[in-house]
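Here the sequence shown stands for residues 1 to 523, where the numbers follow full-length UniProt numbering.
Do not rely on the hints blindly, as some may be mistaken.
Calculated cross-link-like contacts (lysine to aspartate or glutamate; reagent style EDC-like; alpha-carbon spacing at most 20 Å) [unchecked claim]: (1) Lys221 <-> Glu24; (2) Lys341 <-> Asp305; (3) Lys295 <-> Glu336; (4) Lys372 <-> Asp385; (5) Lys341 <-> Asp352; (6) Lys493 <-> Glu278; (7) Lys372 <-> Glu194; (8) Lys270 <-> Asp378; (9) Lys119 <-> Glu211; (10) Lys341 <-> Asp378; (11) Lys372 <-> Asp346; (12) Lys144 <-> Glu194; (13) Lys295 <-> Glu332; (14) Lys198 <-> Asp323; (15) Lys198 <-> Asp306; (16) Lys341 <-> Asp306; (17) Lys108 <-> Asp77; (18) Lys135 <-> Glu99; (19) Lys144 <-> Glu24; (20) Lys445 <-> Glu462.
With beta-carbon atoms standing in for the labels, derived distance ranges [stated by the list, open to error]: (21) Leu223 <-> Arg390: 43 to 49 Å; (22) Leu410 <-> Arg115: 18 to 24 Å; (23) Leu223 <-> Gly491: 33 to 39 Å; (24) Arg390 <-> Gly497: 23 to 29 Å.
To be clear, the hints were calculated from the coordinates, so they are not data collected in a lab. We put the beta carbon where it would ideally sit given N, CA and C, even for glycine.
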Amino acid sequence: MAKGGSGYSEPTGGGRKPGPVNTEFILDMQCKLYRWSKAAPDRQFGDVFNLVCDRRTLDYAWRRMARNAGSKTPGTDGIGRIQVEQRTGGVERFLDEIEAELRAGTYKPQPVRQRWIPKPGKPGRFRPLGIPTLKDRLVQMALKLVLEPIFEADFYPTSFGFRRGRSTHDAIATIQRQVNPTRWGNSRIAYVIEGDIKGCFDNIDHHRLMERVRSRVRDRKVLRLVLAFLRAGIMVESTVRHPVAGTPQGGIISPLLSNIFLTAIDERYKRWTPGPHERLACATMRRNRDYNSGKPIFYIVRYADDFVVMVSGSREAAEAEKDALATFLREELRLELSPEKTLITDIRRGFDFLGYRIVKKRSSRSGRFVCKLLIPLDRLQRLRDTIKGRTKRPSLRLSLSAIIDNLNPLILGWRTYYRHAMRACREFRKLDWWLWWRIYRWLRKKHPKTTRTIPRRFFRREPKGPMRWTEGNAGLRWFWEGATAPYPFRGTKITNGWDTIEEAWTGDRQYDFHTMMRQLAVA
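Produce the entire structure from the sequences given, and follow the hints as far as they go.
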C-alpha cells in the first residue's frame with residue numbers, strides 16, 4: 001500500500017456482493033478512514049478513487065438514495081428512479097454504466113435544474129434549489145460516503161450542522177451549558193454576536209474550498225470529480241449558466257463541502273473552544289487563563305452557516321470582535337457578513353437561534369441566572385397560519401379524515417421539536433384549545449344542517465385514550481401528548497457511529513475495530 005493510500009484495492013470478480021456484505025464493507029471502510037484520519041491530522045489520503053468506483057459503494061449509494069422520495073424527481077435529463085427501474089436492465093445496467101464511465105474517466109456531471117422554493121416564515125422571498133440528475137446524485141452519494149469520514153475527524157465539536165449523530169438540539173444544549181451557572185458561580189457570558197453570512201452557499205470560493213480539500217485528499221481523480229461538481233452548470237429557463245463560486249443547494253455533497261469550507265470559522269476560535277483532537281479540559285484552562293488576565297473570551301456554536309459567538313467581556317470587546325470577524329471572512333473566505341442581520345445582543349434580552357428563543361434570566365427557585373429556552377411568538381403564529389391555510393374554505397370538499405391525516409404530521413413534528421422549551425406543555429395546551437375550536441368551526445361549515453350533533457358524531461374517546469376529533473380510523477393528535485422534557489447535554493464529543501462510545505467521550509485514539517462491530521451489533 002502506498003503511503004497515504006486508502007488500503008483498499010479494486011474488488012475482483014466484478015465486485016458484486018449481496019446487500020448485507022455491502023453494508024459491512026461500507027461501515028468497515030468508513031471506520032478505518034475515520035480512524036486513520038483522526039490518528040494522523042496531517043495525513044493526505046491517496047488512491048481513494050477506487051473506493052468511489054467500487055461496485056459495493058455504488059450499490060449502497062443507490063439504496064441510500066432510493067429511500068429518499070426525491071429520487072423520483074428527474075433532473076435536466078428527465079430520468080428519475082422510476083424510469084431507471086422500468087427500463088431494460090433496470091438498476092444493474094444503470095450502475096454498470098456509471099461504474100464504466102468513472103473507471104474510463106469519461107464521466108462528466110450534467111447541469112442541475114434550478115427551482116425556486118419559498119423561504120419558511122418569509123412571505124414573498126425565495127431561495128434557489130438545484131436538482132442534479134439521478135446519475136450525478138448517485139456519484140455524489142458515493143463520493144460523500146468516502147470523503148465524509150476523512151473530514152469528520154477534523155470538524156470541531158462546536159459544529160453541529162449536517163454531521164452524523166448531531167442535531168439542532170445539541171447546538172442549543174451547548175449554548176445552554178455555557179450560559180447556565182456552575183458550582184463556581186454564574187456564567188461570565190454577557191453578549192452574543194448573532195452571525196449571518198450574506199448568501200453563504202452561493203458565494204463559497206471554489207479555489208479556497210479546493211485548497212482545504214487538497215489538505216486531506218491528494219487523489220487527483222477525486223479532486224477533479226469534486227471540482228467538476230462545483231463547476232457544473234445551472235439550467236435556468238433553458239439557458240446553462242456556469243457558476244464561478246458557490247455550491248448548488250440541493251446537491252448531496254454540498255453540505256459536506258460547505259462544512260469543510262466553514263471550518264475556518266471554527267478554527268478562528270480554537271483558543272477558547274475545544275479542538276477536534278484535544279481534551280475538553282485544555283480549552284477550559286485557556287479560557288480561565290484569559291479571564292484571569294482580563295482578556296475577553298469568545299465561544300462559538302455553529303450549525304452550518306448559522307452561528308453565534310458568546311462573549312465573556314464588555315460590549316466594546318464584542319463590537320471589536322464583530323469587526324474583526326467581518327474582516328476575517330472577507331479576506332480569508334471572501335464572504336460578507338450581513339450588516340443588518342449580524343447583531344450584538346445582551347443575552348439577558350434574548351436572541352433567536354435555530355427556532356428557539358434563548359434568554360438568560362434569574363431563576364425563581366435558586367435566584368441564579370440560568371439559560372431558558374422559549375418558543376418564539378412568531379413561530380407560534382406561523383404554526384397557526386399554517387393550520388388555517390390547511391383548513392380554509394376550499395378544504396371543505398375533503399373529508400375530516402383527510403384533514404386529520406394532513407395535520408397529524410405537522411402536529412407530531414412541531415411538538416417533538418419544541419418539547420424541550422421551558423413550560424412547553426402550557427403552550428401546547430393553548431394550541432390544543434385553539435385547534436379544537438378551529439376544527440369545530442370547520443365542521444360547522446361542512447355540515448351546516450347538523451351543527452348540534454357535530455361533537456357527538458366526531459368528538460369521541462379512543463379506547464384507552466383521550467377524547468379527540470375522529471373519523472373512521474383517523475384521530476387528530478394533540479400537542480399536549482408530546483411530554484415536556486429538557487434535552488440532555490451530550491458533551492462535546494458525540495459519537496458518530498464510526499468510533500466507540502468510549503473513544504467519543506475519552507478521545508482515545510486506539511481501539512479495536514472488531515470490538516466496535518460487536519457493540520454496534522448489540523445496539
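Each hint tested on the structure:
no. : hint                          : result
1   : Lys221 <-> Glu24              : violated (25 Å)
2   : Lys341 <-> Asp305             : holds (13 Å)
3   : Lys295 <-> Glu336             : violated (27 Å)
4   : Lys372 <-> Asp385             : violated (26 Å)
5   : Lys341 <-> Asp352             : holds (12 Å)
6   : Lys493 <-> Glu278             : holds (10 Å)
7   : Lys372 <-> Glu194             : holds (17 Å)
8   : Lys270 <-> Asp378             : violated (35 Å)
9   : Lys119 <-> Glu211             : violated (32 Å)
10  : Lys341 <-> Asp378             : holds (17 Å)
11  : Lys372 <-> Asp346             : holds (14 Å)
12  : Lys144 <-> Glu194             : violated (30 Å)
13  : Lys295 <-> Glu332             : violated (25 Å)
14  : Lys198 <-> Asp323             : holds (15 Å)
15  : Lys198 <-> Asp306             : holds (11 Å)
16  : Lys341 <-> Asp306             : holds (11 Å)
17  : Lys108 <-> Asp77              : holds (13 Å)
18  : Lys135 <-> Glu99              : holds (11 Å)
19  : Lys144 <-> Glu24              : holds (17 Å)
20  : Lys445 <-> Glu462             : violated (25 Å)
21  : Leu223 <-> Arg390: 43 to 49 Å : holds (48 Å)
22  : Leu410 <-> Arg115: 18 to 24 Å : holds (23 Å)
23  : Leu223 <-> Gly491: 33 to 39 Å : holds (35 Å)
24  : Arg390 <-> Gly497: 23 to 29 Å : violated (37 Å)
Of the numbered hints given earlier, the model fails hints 1, 3, 4, 8, 9, 12, 13, 20 and 24; all others are met.
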